[in-house]
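Visitor: Each chain, letter by letter, is given below.
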Amino acid sequence: MASTYAKNRNVLPGFHLSLGFTLLYLSLLVLIPLSAAFLKSFTLTLDGFLAAAGSPRVLAAYKLSFGASLGAATINAVFGFIVAWVLVRYDFPGRRVIDALVDLPFALPTSVAGIALTAIYAPKGFLGSALEKIGVKVAFTPLGVLVALVFIGLPFVVRTVQPVLEELEAEKEEAAATLGAGRMAVFWKVLFPTVRPALLTGFALSFARAVGEYGSVIFIAGNIPLVSEITPLIIITKLEQYDYAGATAVAVVMLLISFALLLLINFLQWRMARHRQAST
Amino acid sequence: MHVSFWTARRTVAWMLTVAACCGFAPRVDAQELLNVSYDPTRELYEAYNAAFAKHWKEKSGQSVTVKQSHGGSSKQGRAVIDGLEADVVTLALAYDIDEIADKGKLLPADWQKRLPNNSSPYTSTIVLLVRKGNPKGIKDWNDLVKPGVQVITPNPKTSGGARWNYLAAWAYALKTQGNDAEKAKKFVSALYKNVAVLDSGARGATTTFVERGIGDVLISWENEAVLAIKELGAGKFDIVVPSVSILAEPPVAVVDKVVDKKGTRKVAQAYLEYLYSPEAQDLIAKHFYRPRDAKAAAKYASQFPKVTLVTIDEQFGGWAKAQKTHFADGGIFDQIYIK
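Residue numbers (the numbering used here), protein chains in the order written: chain L, 1 to 280; chain R, 281 to 619.
Quick caveat, the hints were computed from the structure, so don't treat them as lab data. Backbone N, C-alpha and C fix where the C-beta goes; we use that ideal spot for every residue, glycine too. Do not take every clue at face value.
Stated by the list, open to error - Have a look at the derived ranges for each label pair, beta carbon to beta carbon: (1) R:Gly543 with L:Leu29: 34 to 44 angstroms; (2) L:Leu39 with R:Gly458: 49 to 59 angstroms; (3) R:Ala600 with L:Trp270: 26 to 36 angstroms; (4) R:Gly363 with L:Thr43: 30 to 40 angstroms.
In isolation and in its complexed conformation, chain R is listed as follows (with noise of 0.2 angstroms):
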């Protein structure tokens, strides 16, 4: 039996070999991307690229295949400087991105400035997801705070969506405590307290509210909560829109030096401005993202409640700055656990 189980094994890594020698040489003959996403955005992109290979093929006549990979930002943007070859990025926050740009010198510092509206396309924001019927009472920020309510949020060190959560909550609490920082930072921490488990990205967040049952209210995207309503639990939760919120603009990118090595600049380039046209931001509309164009956003506006909501560059000076202060190590948010 022993022996059977290792030979199994070594069979299986055998395999393995050969299927990464044949499937993974690269071909030239058709266009091929890589968009390398976060966690959350599965659906939108799956859905997207096959609007976007029939619009290229109409308009260029090549066919092109997008393959997609997802997971947390952070770890996303990682692998990219370890030499993932993505087309493309379209992560959950801009500083993963900057990453990129600083440590792996794959794109342009100023990438940002490239494409209209801060290279974000889309826009979401941070919402809070409680159980059918709300029995915890649960209408704003500060009913996070109370005792007895158990809170579900990912780890900001590691999650996009994550760092969305705690920005919007530090936001709310300076709204509302007279811009006092060490208030807010009172504020997070018994949020914090709450906090039952930390998973790792914002899909792990979800599935741990979602089917394990955990939990009273889950700080979530905006498209991750309605997506959880609509088909993980039909009926079994409510979204709560608190008083203010955080405007989350995750943007996209060519990553220069692999599309001038692939060769595949231009088609990567059109990848990312349909992103813009009337109806991929339907598309967009239509997966619970907010869209960019007016129209869109017009159609599908019973879709995204009004909500007051600050931007990361005018709340806390831009993500790099945000980084430092909140999620660096010794940052606010390992102070908030070390007293």
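Looking at chain L on its own, in the form it has when it is part of the complex (with noise of 0.2 angstroms):
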């Protein structure tokens, strides 16, 4: 596909154009201060970059982001496909406002939801106070962290899974069941392959959106180092000990790990779609 606009000029017109906006627009929001960042971490010396971005706290710092929003995303791909699926398959009273509801952290300013959260998971919050009893604290602790970055991550996979599974007819399901397949051959053979690329679309958003939070994670975390830092709030406490350039050290090797691991999904997503291809 791609090497045939060469060949033959496209049918749709404006080709040049749109490509040269796109461009231009990508470079302007995105690309341009991305290697602003780049080139400021650049002005440190290789050692200073290394003490920067490689201090056991901010190692701490990366191992707690990374792992929280990893396990945070599968915690939203597993549920989220749960939800999305309720709210195609079934009808009942109340689906709109539940559907409304889904898009709730995406609307909410991150910092009330924090609050919010922190409130009722402290240990004299209305949640916080009966887990205490069992044994288990949530705010201020690293699993306070993976709370909030559940809440934020919801609606990505609920609303990338949620048109796929619009789409699929039931029919589909229903030959299969009449070709003898039981309910479970029906769920992993055709119903999981249709959803798959966007259950992942929607993994990967959902930890992307985790990676980068601030706001929602800050008042449940407690901020203790080596503990529950998460890496922007490394980040942040670098700039305002005036250490810009450790800041974006820190930010480069933030962005390097997420582009990375986004680029393996991209790949894992490619694999799947050719292997598809290939089986039909």
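Work from the hints to combine the two standalone chains into their complex.
Guide: Structure, rendered in structure tokens:
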């Protein structure tokens, strides 16, 4: 596909204009700010870079940020799928209200979400006091970080999976069933492969959002060095110590890891698509 | 529904753009100052701005409005370096204004000599705020390292107040344990083991302690502790004055590059000088900051318990040194977490 545009002119007019616009737009909005971060971090020597981006506190923060984000995205992939499934396949009173509720984490300012979550999960809070009795601490622990990230990431999975489920005709599953497939087989062989690319996209979006999240996490995390400091907090802390280069060094490392992970997810998607094409 | 949501977002974005264009355009007819300050001074400067506007009108016939910006002291300093056009800065500690002079080159390095009393028209100190009746029996700093006592203090990396807190504890440890820095480090390390939440600013820590009910003791600015008792939770807290604390001198300065550009030097200078007047000193004491003026100090003496105060210069060799030893990356504060 990609190579054909050079040989025969595209039937759709305006290719050059729109491509030019796309590149300019992406450069202005994405590439230039990002390269500014890279350039600033180059003002450090290699030793300085490693000291800033590789100190024990920062390493602990990467681990927490990426670990909790992957955890949250995984939880969202499972439960977001169930929510999307319920919203698409069943009709029940209040469905539209629940459908609208899913978007709330999108719309709510993240600091509001953070304060609300902290109030609920703090040891004196509604859920926190109940959980404390069974020995589970949420607020001011890494678990609290996970809770906040699950909260803000949920809509991404639901909203990417939902349209795909809507387009999936129930007839396909019925046909599979009449051909003798059991319920599990219908799910794993018919339903899941169709939804998988969308689910992966939702997972990636939810993950990417969680890695960069600051506002909602900061209230519930407790921010104790080596335990519950997230990477964006490290960056802000460095900025507030007037260490601009150090902050960008951490940012660059974070960017590279995120980019590698997203690329991996895209690669998986591409392989899946090819696999599916080959098998049909 | 999606459409309406995004449309709404776009509309809001446009409105903000338009507002930004109209609202923040420079006005030349009336004098306008921006005072960039730290977290807990909101109430003080609200009252002071009104008093100064009245004074300036009487003196020069000019009307002046003062806008305020508040936040963690270092964050505010960074905003000024990055281009926030502050005519005056009134921050929590000298180091933050030093950085504006050093990194931003917006004022001369010897700025602190330009006004009396190290350019600090008021002082404060660090006290301990406990829950009513003092259930954990906290009397001094050494009670904060006991097992089972939960301490709330903000992160000294980001909060000016938190740095004073940390240094006050350090000064106590030096005084009581024979000036031994190793022992002081152990003491402070044990203290931070008892800290459950490190907020990024002083106000955030107060909120955690007062409104969310977390922790047994809040290490706090004196003015913030009194404010918490008087306004946020009357009858719910007690102040414990430790045996040793630190003399906190929050300094003020005119930002030369900005006032010269905006043509506001005269009024900005007057704004800071008036802080030393008897009227302003009275106002300062009313807002629980310790005044420099002897008369105001005598009038409000009952409000400010006597406490042995060490200063940053004699005990720690000045801010630049304290910052480097304790709070810079790899400094003692980092070391007490990373064993």
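Visitor: So, for every hint listed, does it hold in this structure?
Guide: We went through each hint and held it up to the structure:
A hinted range of 34 to 44 angstroms for the beta carbons of Gly543 of chain R and Leu29 of chain L is consistent with their spacing of about 37 angstroms. Range check, Leu39 of chain L to Gly458 of chain R: Cβ separation about 51 angstroms, and the 49 to 59 angstroms hint holds. Between Ala600 of chain R and Trp270 of chain L the Cβ separation comes to about 55 angstroms, which falls outside the hinted range of 26 to 36 angstroms. A hinted range of 30 to 40 angstroms is violated for the C-beta pair Gly363 of chain R and Thr43 of chain L, which are about 19 angstroms apart.
The structure fails hints 3, 4 (numbered hints given earlier, in ascending order).
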